[in-house]
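**Q** Line order of the protein sequences matches chains C and Y. So for the first sequence, numbering that gives the first Met the number 0 puts the first residue at 0; every next one is plus one. So for the second sequence, numbering that gives the first Met the number 0 puts the first residue at 0; every next one is plus one.
Hints listed in this document are in silico derivations from the structure and should not be mistaken for laboratory results. The model shown is predicted, which means the values in this text are computed figures rather than measured ones. The beta-carbon is built from N, C-alpha and C at its ideal position, and this holds for glycine as well. Don't take every hint at face value.
Said to hold, decoys possible - Distance condition first, Cα-Cα at most 30 Å in a straight line; then the derived BS3-like pairs of lysine-lysine:
id: 1; chain 1: Y; residue 1: K88; chain 2: Y; residue 2: K175
id: 2; chain 1: Y; residue 1: K175; chain 2: Y; residue 2: K188
id: 3; chain 1: C; residue 1: K186; chain 2: C; residue 2: K159
id: 4; chain 1: C; residue 1: K159; chain 2: C; residue 2: K242
id: 5; chain 1: Y; residue 1: K175; chain 2: C; residue 2: K28
id: 6; chain 1: Y; residue 1: K188; chain 2: Y; residue 2: K88
id: 7; chain 1: C; residue 1: K28; chain 2: Y; residue 2: K188
id: 8; chain 1: Y; residue 1: K38; chain 2: C; residue 2: K28
Stated by the list, open to error - One-sided excerpt, in silico: chain Y residues whose CB lies under 8 Å from chain C:
id: 9; residue: A5
id: 10; residue: V106
id: 11; residue: F210
Okay, here's what each chain looks like letter by letter:
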Amino acid sequence: MNVIAERATRAPAGARVRKRSPFWRRVRKAPFYLLIAVIFIYAVFPFYWAIRSAFTPDGELFKTPVQYFPVHATLTNFREVLSSGEFQDALMNSTIVAGSVVVVAVAVGALAAYALGRFNFRGRSVTLYVMLSMTTFPQIAILGALYTMINRFGIYNDLKALILSYMIFTLPFTVWVLTSFMRALPKDLEEAAYIDGASPFQVFYKVMLPLVAPGLVTTGLLAFIAAWNEFLYALSFTQTPDKRTVPVAIVEFTAKSGSAFQIPWGQVMAATVIVTVPLIVLTLVLQRRILAGLTAGAVKG
Amino acid sequence: MMLAPALLIVGFVAFYPLGVTVYQSFTDEQFLQGIEPTKWLGLQNYTNLIHDTVFRDAVVTTVKFTGITVFFEFILGMIIALVVNSSFKGRGVMRAVMLVPWAIPTVISAQMWKWMYDDVFGVINDALVRLHIVSRPVAWISDPQTSLASVSAVDIWKTTPFVALLLLAGLQVIPKDLYEAAEVDGANKWQQFWRVTVPLLRPAILVALIFRTLDALRVFDIFYVFFGNRADTQTMAIYDQNTIVGGDVGYGAAISVGIFLIIGIFVAIYVTVMRVEEQ
Numbered sequence: 000m001n002v003i004a005e006r007a008t009r010a011p012a013g014a015r016v017r018k019r020s021p022f023w024r025r026v027r028k029a030p031f032y033l034l035i036a037v038i039f040i041y042a043v044f045p046f047y048w049a050i051r052s053a054f055t056p057d058g059e060l061f062k063t064p065v066q067y068f069p070v071h072a073t074l075t076n077f078r079e080v081l082s083s084g085e086f087q088d089a090l091m092n093s094t095i096v097a098g099s100v101v102v103v104a105v106a107v108g109a110l111a112a113y114a115l116g117r118f119n120f121r122g123r124s125v126t127l128y129v130m131l132s133m134t135t136f137p138q139i140a141i142l143g144a145l146y147t148m149i150n151r152f153g154i155y156n157d158l159k160a161l162i163l164s165y166m167i168f169t170l171p172f173t174v175w176v177l178t179s180f181m182r183a184l185p186k187d188l189e190e191a192a193y194i195d196g197a198s199p200f201q202v203f204y205k206v207m208l209p210l211v212a213p214g215l216v217t218t219g220l221l222a223f224i225a226a227w228n229e230f231l232y233a234l235s236f237t238q239t240p241d242k243r244t245v246p247v248a249i250v251e252f253t254a255k256s257g258s259a260f261q262i263p264w265g266q267v268m269a270a271t272v273i274v275t276v277p278l279i280v281l282t283l284v285l286q287r288r289i290l291a292g293l294t295a296g297a298v299k300g
Numbered sequence: 000m001m002l003a004p005a006l007l008i009v010g011f012v013a014f015y016p017l018g019v020t021v022y023q024s025f026t027d028e029q030f031l032q033g034i035e036p037t038k039w040l041g042l043q044n045y046t047n048l049i050h051d052t053v054f055r056d057a058v059v060t061t062v063k064f065t066g067i068t069v070f071f072e073f074i075l076g077m078i079i080a081l082v083v084n085s086s087f088k089g090r091g092v093m094r095a096v097m098l099v100p101w102a103i104p105t106v107i108s109a110q111m112w113k114w115m116y117d118d119v120f121g122v123i124n125d126a127l128v129r130l131h132i133v134s135r136p137v138a139w140i141s142d143p144q145t146s147l148a149s150v151s152a153v154d155i156w157k158t159t160p161f162v163a164l165l166l167l168a169g170l171q172v173i174p175k176d177l178y179e180a181a182e183v184d185g186a187n188k189w190q191q192f193w194r195v196t197v198p199l200l201r202p203a204i205l206v207a208l209i210f211r212t213l214d215a216l217r218v219f220d221i222f223y224v225f226f227g228n229r230a231d232t233q234t235m236a237i238y239d240q241n242t243i244v245g246g247d248v249g250y251g252a253a254i255s256v257g258i259f260l261i262i263g264i265f266v267a268i269y270v271t272v273m274r275v276e277e278q
């Protein structure tokens, strides 16, 4: 009773405080918009810098004082990178590896997620927890063992070694996220299909997969990005330039020479822009889906 | 049945190698076999590891890096999450922009920053000299005094958006009426943050901290791009990779187990904190 009375007297006071002219409201908001601007610049500037360096000819790039816009913009850096055989190989290798990883991880992951999300059986929650803990598995911990295994199978310096080893960080993740997607689906359609005499596999293919398609896109994209970005295994399990993936190729651009003058920074930045723009575009287009996938993987746990 | 393929693959690429690693750590397994058969060493590798000052330095570097980056990523991530959660014009654009650093591969962002840090032609030195913050260019990466800070800044830039996203997801499920009630009760924004937001955000905060800590402890990419195998700035993962690819698989396996145990200690700490929180 007392509280309600108090609220009743306070509410108008609060309303009076907020009644200000639009001008003052804007002034009070200024620090907030300044903060937004700072965050915006912080997030975007390094990428802007890569773009401006990629378009700047070497003569201007290696000159002080530094110019903040390319005055004589040029495509030379892009042309040289794209015509380099090593970079072409790297793009091809990365596409093959990341593409195969996505196909295997999503297909196998969806099947497992259906079982984990829709059926009750012994060991179900244990399996889920194992999958969840695997998403934070330190890849370095099994580097040596994988290294000897891969040599024994004779797939050292072979893209198959990467596709196989990338399952460690993509499969548990797809299983976990797809399970949460499967669980969120209503049961009615599935039950109707069972009543009509469908087998679990038919239900999986004909009912569940189409329903969970947005989830497949999300997890597929996240798995693709993870595989596309991987560095440690790609560096350790391949050796010759024709088997390198993009991240390794971009690092080895610089490793060949010693001093700053010899590093072709313009070309390195052009390569950076070429491989990053598709990722950024994909991310922005599928923004909502990615957010859903990332948070399903973490928060719902 | 449906689980079988997933379990087989995970078992084959994760659990089996983990077992092999533990076994190898008790041997003198070398990469170039055939010269001498592999011998059982017992605990020899582990006694060597405990007295290995290079490994000790690597542990210190990694833990320092983890502390610095997780701290700043959490503070900045929280600020960004709160900003993006409030309503203003262009909020959708900001949420999209936040994803830009996250979408760029780690190795590539490291290269971008390495160029920005360049001691002669780098934009960071240029801007700082123009603003009279430093009197002359600093060799950020090669100077031991600034190398750890410079490498941490890259990780903070790259991963803060991820932390912000996790916190944002937590913020969005807090019911709006709680804030309205707090406001009616006369709580100001600051009090609302500490009394409503933080307690309800606790699960998201813990998840973000755990993810980031475990990730930072196994850091490899940025350090490799910035320093190669420079001895004074090695992380645990760099030292391990270097040992294994150098051919000393047995000793490398012992380092791997060491890393695994150190990460395990951090997991135990977090789990204990969570248990205490729940009570």
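**Q** Does each hint hold? Answer for all of them.
**A** Verification of the hints:
| no. | hint | in the structure |
| --- | --- | --- |
| 1 | Y:K88 to Y:K175 | 20 Å, holds |
| 2 | Y:K175 to Y:K188 | 14 Å, holds |
| 3 | C:K186 to C:K159 | 39 Å, violated |
| 4 | C:K159 to C:K242 | 11 Å, holds |
| 5 | Y:K175 to C:K28 | 21 Å, holds |
| 6 | Y:K188 to Y:K88 | 21 Å, holds |
| 7 | C:K28 to Y:K188 | 14 Å, holds |
| 8 | Y:K38 to C:K28 | 71 Å, violated |
| 9 | A5 | 4 Å, holds |
| 10 | V106 | 4 Å, holds |
| 11 | F210 | 7 Å, holds |
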